[in-house]
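Novice: What follows is the residue order along each chain.
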Amino acid sequence: MNYSDFLLSLLIWVPIAGGGLVLVAGEQRLTAGRWIALATAIATFLLSVPLYSQFDSVTAAMQFTEFQPWIAAINVNYHVGVDGISMPLILLTTFMTVLVIVAGWEGIKSHVSQYFAAFLIMEGLMIGVFAALDAMLFYVFWEAMLVPMFLIIGVWGGPRRVYATIKFFLYTFLGSVFMLVSLIYLYLQSGSYEIMDFHKLSLGMNTQLLIFISFLLAFAVKVPMWPVHTWLPDAHVEAPTGGSVILAAIMLKMGGYGFLRFSLPITPDASRSLNGLIIAMSLIAVVYIGFVALVQRDMKKLIAYSSIAHMGFVTLGFFLPFAIYSNTGNLAGAVLGMEGGMVQMVSHGLISGALFFCVGVLYDRMHSREIADYGGVVNSMPWFATLMVFFALANAGLPGTSAFVGEFFVILASFKASFWIAFAAGTTLVLGAAYTLWMVKRVVFGDIANPKVAELTDINTREIIVLSALALVVLLLGVWPDPLTEVMEVTLDNLLQHVMESKL
Amino acid sequence: MENIYLTIVFAPLLAAIVTGLFGRQIGRAGAHWLTILAVALSCGLSLYVLKGIVADGDPVFNGSVYTWADIDGLHMEVGFLIDRLTALMMAVVSFVSLMVHIYTIGYMRDDPGYQRFFSYISLFTFSMLMLVMSNNFLQLFFGWEAVGLVSYLLIGFWYKRPTAIVANLKAFLVNRVGDFGFILGIAGIYFYTGTLDYSQVFQQAPTLTSQTMQILPGMDWQVLSVICICLFIGAMGKSAQVPLHVWLPDSMEGPTPISALIHAATMVTAGIFMVSRMSPLFELSTTALGFVLVIGAMTAFFMGLLGVVQNDIKRVVAYSTISQLGYMTVALGASAYAAGIFHLTTHAFFKALLFLAAGSVIIAMHHEQDIRKMGGLRKYMPVTYWTAVVGSLALIGFPGFSGFFSKDALIEAVHLSQAPGAGVAYWAILLSVFVTALYTFRLLFLTFHGKERMDRHTREQLKESPLVVTVPLVLLAIPSAIIGWFTIEPLLFGGFFGGSISVLPAQDVLARLGHEFHGPAAFVLHGIKGPAFWLSIAGVGTAWWVYLKNPGLSTKISRRINRLYELLVNKYYFDDFNEKIVAAGGRAVGRILWQIGDEKIIDGGLVNGTANGIGWIANRVRGIQTGYLYHYAFTMIFGFAVLAAWLLLSG
Numbered sequence: 000m001n002y003s004d005f006l007l008s009l010l011i012w013v014p015i016a017g018g019g020l021v022l023v024a025g026e027q028r029l030t031a032g033r034w035i036a037l038a039t040a041i042a043t044f045l046l047s048v049p050l051y052s053q054f055d056s057v058t059a060a061m062q063f064t065e066f067q068p069w070i071a072a073i074n075v076n077y078h079v080g081v082d083g084i085s086m087p088l089i090l091l092t093t094f095m096t097v098l099v100i101v102a103g104w105e106g107i108k109s110h111v112s113q114y115f116a117a118f119l120i121m122e123g124l125m126i127g128v129f130a131a132l133d134a135m136l137f138y139v140f141w142e143a144m145l146v147p148m149f150l151i152i153g154v155w156g157g158p159r160r161v162y163a164t165i166k167f168f169l170y171t172f173l174g175s176v177f178m179l180v181s182l183i184y185l186y187l188q189s190g191s192y193e194i195m196d197f198h199k200l201s202l203g204m205n206t207q208l209l210i211f212i213s214f215l216l217a218f219a220v221k222v223p224m225w226p227v228h229t230w231l232p233d234a235h236v237e238a239p240t241g242g243s244v245i246l247a248a249i250m251l252k253m254g255g256y257g258f259l260r261f262s263l264p265i266t267p268d269a270s271r272s273l274n275g276l277i278i279a280m281s282l283i284a285v286v287y288i289g290f291v292a293l294v295q296r297d298m299k300k301l302i303a304y305s306s307i308a309h310m311g312f313v314t315l316g317f318f319l320p321f322a323i324y325s326n327t328g329n330l331a332g333a334v335l336g337m338e339g340g341m342v343q344m345v346s347h348g349l350i351s352g353a354l355f356f357c358v359g360v361l362y363d364r365m366h367s368r369e370i371a372d373y374g375g376v377v378n379s380m381p382w383f384a385t386l387m388v389f390f391a392l393a394n395a396g397l398p399g400t401s402a403f404v405g406e407f408f409v410i411l412a413s414f415k416a417s418f419w420i421a422f423a424a425g426t427t428l429v430l431g432a433a434y435t436l437w438m439v440k441r442v443v444f445g446d447i448a449n450p451k452v453a454e455l456t457d458i459n460t461r462e463i464i465v466l467s468a469l470a471l472v473v474l475l476l477g478v479w480p481d482p483l484t485e486v487m488e489v490t491l492d493n494l495l496q497h498v499m500e501s502k503l
Numbered sequence: 000m001e002n003i004y005l006t007i008v009f010a011p012l013l014a015a016i017v018t019g020l021f022g023r024q025i026g027r028a029g030a031h032w033l034t035i036l037a038v039a040l041s042c043g044l045s046l047y048v049l050k051g052i053v054a055d056g057d058p059v060f061n062g063s064v065y066t067w068a069d070i071d072g073l074h075m076e077v078g079f080l081i082d083r084l085t086a087l088m089m090a091v092v093s094f095v096s097l098m099v100h101i102y103t104i105g106y107m108r109d110d111p112g113y114q115r116f117f118s119y120i121s122l123f124t125f126s127m128l129m130l131v132m133s134n135n136f137l138q139l140f141f142g143w144e145a146v147g148l149v150s151y152l153l154i155g156f157w158y159k160r161p162t163a164i165v166a167n168l169k170a171f172l173v174n175r176v177g178d179f180g181f182i183l184g185i186a187g188i189y190f191y192t193g194t195l196d197y198s199q200v201f202q203q204a205p206t207l208t209s210q211t212m213q214i215l216p217g218m219d220w221q222v223l224s225v226i227c228i229c230l231f232i233g234a235m236g237k238s239a240q241v242p243l244h245v246w247l248p249d250s251m252e253g254p255t256p257i258s259a260l261i262h263a264a265t266m267v268t269a270g271i272f273m274v275s276r277m278s279p280l281f282e283l284s285t286t287a288l289g290f291v292l293v294i295g296a297m298t299a300f301f302m303g304l305l306g307v308v309q310n311d312i313k314r315v316v317a318y319s320t321i322s323q324l325g326y327m328t329v330a331l332g333a334s335a336y337a338a339g340i341f342h343l344t345t346h347a348f349f350k351a352l353l354f355l356a357a358g359s360v361i362i363a364m365h366h367e368q369d370i371r372k373m374g375g376l377r378k379y380m381p382v383t384y385w386t387a388v389v390g391s392l393a394l395i396g397f398p399g400f401s402g403f404f405s406k407d408a409l410i411e412a413v414h415l416s417q418a419p420g421a422g423v424a425y426w427a428i429l430l431s432v433f434v435t436a437l438y439t440f441r442l443l444f445l446t447f448h449g450k451e452r453m454d455r456h457t458r459e460q461l462k463e464s465p466l467v468v469t470v471p472l473v474l475l476a477i478p479s480a481i482i483g484w485f486t487i488e489p490l491l492f493g494g495f496f497g498g499s500i501s502v503l504p505a506q507d508v509l510a511r512l513g514h515e516f517h518g519p520a521a522f523v524l525h526g527i528k529g530p531a532f533w534l535s536i537a538g539v540g541t542a543w544w545v546y547l548k549n550p551g552l553s554t555k556i557s558r559r560i561n562r563l564y565e566l567l568v569n570k571y572y573f574d575d576f577n578e579k580i581v582a583a584g585g586r587a588v589g590r591i592l593w594q595i596g597d598e599k600i601i602d603g604g605l606v607n608g609t610a611n612g613i614g615w616i617a618n619r620v621r622g623i624q625t626g627y628l629y630h631y632a633f634t635m636i637f638g639f640a641v642l643a644a645w646l647l648l649s650g
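Protein sequences, first through last, are from chains G and H. Here numbering that gives the first Met the number 0 is used: the first sequence runs in plain steps of one and ends on residue 503. Here numbering that gives the first Met the number 0 is used: the second sequence runs in plain steps of one and ends on residue 650.
Check before you lean on any hint, since a few could be wrong.
Derived SDA-like pairs: lysine to any residue, alpha-carbon spacing no greater than 20 Å straight-line [claimed, not checked]:
1) 599(H) - 379(G)
2) 579(H) - 450(G)
3) 599(H) - 450(G)
4) 159(H) - 379(G)
5) 159(H) - 450(G)
6) 599(H) - 437(G)
Residues of chain G placed beyond 10 Å of chain H at every Cβ, according to the derived structure [as the list claims (entries may be wrong)]:
7) 4
8) 44
9) 172
10) 177
11) 268
12) 440
13) 459
14) 480
Simulated from the structure, these hints should not be mistaken for lab results. In this text, a Cβ means the ideal position worked out from N, Cα and C, and glycines have one as well.
Excised from the complex, chain G in its bound form (with noise of 0.2 Å):
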């Protein structure tokens, strides 16, 4: 029996019984906690290189397959593989998973070995919820995986949590529920929670539509796509840092990851009459949100506003090949488009949680995240500010980091479907430079603002560590992002395949 047998299983469960012994060592051993938790991110990440290094990118069938049974009565099975459209993903998360660990390294002053425990136990939880290929399953992650995420916004979180937890909470399980229910509805249609069988189950418009629309309240809340996206600003103003940057880094992605799972190839023939009210909703995302994120005085509202804005990329990317192939007549372009949100998705989560990594550097010191409050950042923290500053310009979308790679595929698969699409789109180009560096310059540059401002002191070796670790990978993919679109292409192109099948 060969270890990749089995890879799966340990990404999932080796954080979760890393986080038991956490758990276990408890407050009086802190600092071997502290150290377990470290020692489980990093094997964790380890453990997930394999799955890069030995993906087999020619193929779109699942790969490091597992097959339990589970609960044999209803057919729910312990099933997890990966493709192309979850391995990054999951890599994405065993590599924030370790900088949030040490990130929060001295930060947290109260009940950190539960601190740490939760967001282990939440990192083999949302492996499981990418891993999952038994819907049952999927869905037992996709649920067990808000707890830790409630705990760490209600247990360490800011004066407002209990409202935040609640409204985050509200959206969420609203969501989740009608997801539920259509999962159910496809169990009985084909008698197996399998979502590969789903995919190849014949079903009505009516149908699709209903269980397209329920999908897409689950989905689109996680995203977060406009109109359902108030949860989240309040949700990260609240949440401590670590709890920001895995919400911003990984649970958004869950909702454009289950677009792509779920949505798309369940109900094809949905989202095609569909695909023109989700690029509507991702393109007023890019501006309405674009110009919400102008306005705003606190730096972490306006990140989880950016937040909001880039996501539209994601969404729009995925439902572009409907409006092309309806625009020229051929799919040319569609996968550029899907692979465009894919990387966005990846992309978003290393910038955003950079800079939710640099709101809280800034926090740490001030105790504040009040625009208003700084001004001059750079004289007292030079190389944070040039740290800052990286992270901005990247999340302005400049070329040679990761996040133009996404913005620029998606921009031109969408001239391909309509001008006026790509017009709008386009305009995150001035609208993102625009919010992002005008919070720079009222932040990091300009003459020292206040004393307080003038005691900072700049970024020990730890955050250093932490954010020169994203810093790379961002330049990485933005100057050679071959490796990443690379193992996707096969499984987008056999998805957009399939897709563009009908049903009825």
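Given the structure of chain G, go ahead and fit chain H onto it with the hints provided.
Specialist: For chain H alone, coordinates are given in the frame of chain G:
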């Protein structure tokens, strides 16, 4: 050969990275030696490449370095196209950059950000070389935005100055407006050709002439016109054409070497270079060429006028730069691409010279930039003065100086052009010759001649700048004076650019001009007889009369033409419009969407509304459960009666 190209590009990048990250370790001397050696290497190799292509007939190089991404049949590569146009640009960029590196040692001597500055300018050299050496649209866009990034960093180099950090934000955003058009143009190219590779796009271009697209329903637009105008909007941002010129004067907040290198000689010419590079596309759309022509002519004339009323020494030169970029743009619109590039080349030398001379004055004046507080500097700074005279004569196109050849050829070419709008454009750039001479010599007279208007303290300390400053001035003055003699014939009429620029025979004004060309000496003699020469003499004369002979006259004149003067001093109100309408409008829209859209409607209406709605229903329903037995009994009886009635009636 490929290794040579890689060295040219990556030597400055490597130097920038080392200087940027380890500036403290390598020290100030280490920083300038490392970056200067790297750029000198680039410059030497660029000249070697230019010589190889021009003198030894090396073939055009078009090859890829690595695959950036390969999706859906779209190969995106990083690669080089080294032809005559590129080789010339490489030589100009690396030479001016080298001069500026050396000059910086003197100018930035006391600045705490010394190493950072060298890191930035080397990074700029890398970005600019990537831009001009690219063989595809992806890398072009990369270089395009990368030079914008370095410009952003350098305008805001003195980050404590509130004006500098407003100016760099403005520069970046205005350029982004241009890039927005640019990326749409690139997307259009991908749509209609399926590739981003120059050679393949140019190959397919003729097949696109018959294709149309509908942007607005019912209106058919030629595909190439749309693409070219979108691409040109990018050029308008980078090359500061009206109305996207607003960032360039403010960019003068950056240190002077930057104004010379980026905001006069190299980056701002990226738009000119790009349109020339895309000549196989622009040639096929007369609409786009007409658009280019009109924008260029407006920029040349109206921005020149602003130079006359400015009092900041650098801002005068900045408006002059915008106006000269307008000249180059006009040449592009008239299909005289070679003339545009020729003017770009001569302008790079003499405008870099003028900026560095202005910088030398600023050093002597202890960072005072107001020309009303200068005067009579000639005797204190002879080298700066004489090099500035050379630069000024070149700028106004005095016969024999480099600017004369490029400007006169350009004006003649536009005169011959049949393009739509060429008639107006011709008059605009002809009148601009007068304006150019007026503001140039106003600057020269007010700075170096006449009464010494500075305070005593400053006057006592006036002295010529050190050698690291004056040597680049002299080195730039030489080509500014003489380079036109040797280059006009090969560049404009000798087919220098070969296949790198393509012009339709019917639109080839330079070819027609070439029939009348009988060597540079004859061209000078012919120029003296032309209207442009006399207009420039008139401009110099006016400047002399108004600013030197009768000081005080200018105030009277400005009072006389109050309305016009106000308009000019307020820069046609472009800045006010942008601040009060665009920026404030954007923020207002943001506030409305946030406070009404998000907070009132979505959160207040939908989210809390749902919660409140559930609460409201629960409240009503709770009212039913009163706990009184007779209420329940009555409800039961009532229900029974309704049920019985329904059964009976339907039965």
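Novice: Against each hint, give a clear statement of whether it holds in the structure.
Specialist: Going through the hints against the structure:
1. A hinted pair counts as satisfied when its Cα atoms are at most 20 Å apart, and residue 599(H) with residue 379(G) does not qualify at roughly 40 Å.
2. Proposed proximity of residue 579(H) and residue 450(G) is contradicted: the alpha carbons are some 33 Å apart, above 20 Å.
3. Proximity of residue 599(H) to residue 450(G) is assessed by CA-CA distance (about 38 Å); at most 20 Å being required, the pair is judged violated.
4. Distance restraint check for residue 159(H) and residue 379(G): the Cα-Cα separation of roughly 12 Å lies within the 20 Å cut-off, and the hinted pair is therefore satisfied.
5. Pair hint residue 159(H) plus residue 450(G) holds up; C-alpha atoms about 15 Å apart against a cutoff of 20 Å.
6. Restraint check for residue 599(H) and residue 437(G): the C-alpha separation of about 26 Å exceeds 20 Å, so the hint is violated.
7. Remark: the non-interface label on residue 4(G) is consistent with the geometry, its nearest Cβ contact in chain H lying 32 Å away (cut-off 10 Å).
8. Consistency note on residue 44(G): stated as away from chain H, and its beta-carbon is indeed over 10 Å from all of that chain's, at 25 Å minimum.
9. In this structure residue 172(G) is separated from chain H by more than 10 Å, as the shortest Cβ-Cβ distance comes to about 12 Å.
10. Remark: the non-interface label on residue 177(G) is consistent with the geometry, its nearest Cβ contact in chain H lying 15 Å away (cut-off 10 Å).
11. No Cβ of chain H comes within 10 Å of the Cβ of residue 268(G); the nearest lies about 24 Å off, and the non-interface call holds.
12. For residue 440(G), the non-interface assignment is contradicted: its Cβ lies about 5 Å from the closest Cβ of chain H, within the 10 Å cut-off.
13. Every Cβ of chain H is farther than 10 Å from the Cβ of residue 459(G); the closest lies at roughly 17 Å, confirming the non-interface assignment.
14. Its closest Cβ contact with chain H, about 5 Å, brings residue 480(G) to no more than 10 Å, contrary to its assignment away from the interface.
Comparing the model with each numbered hint stated earlier shows that hints 1, 2, 3, 6, 12, 14 do not hold.
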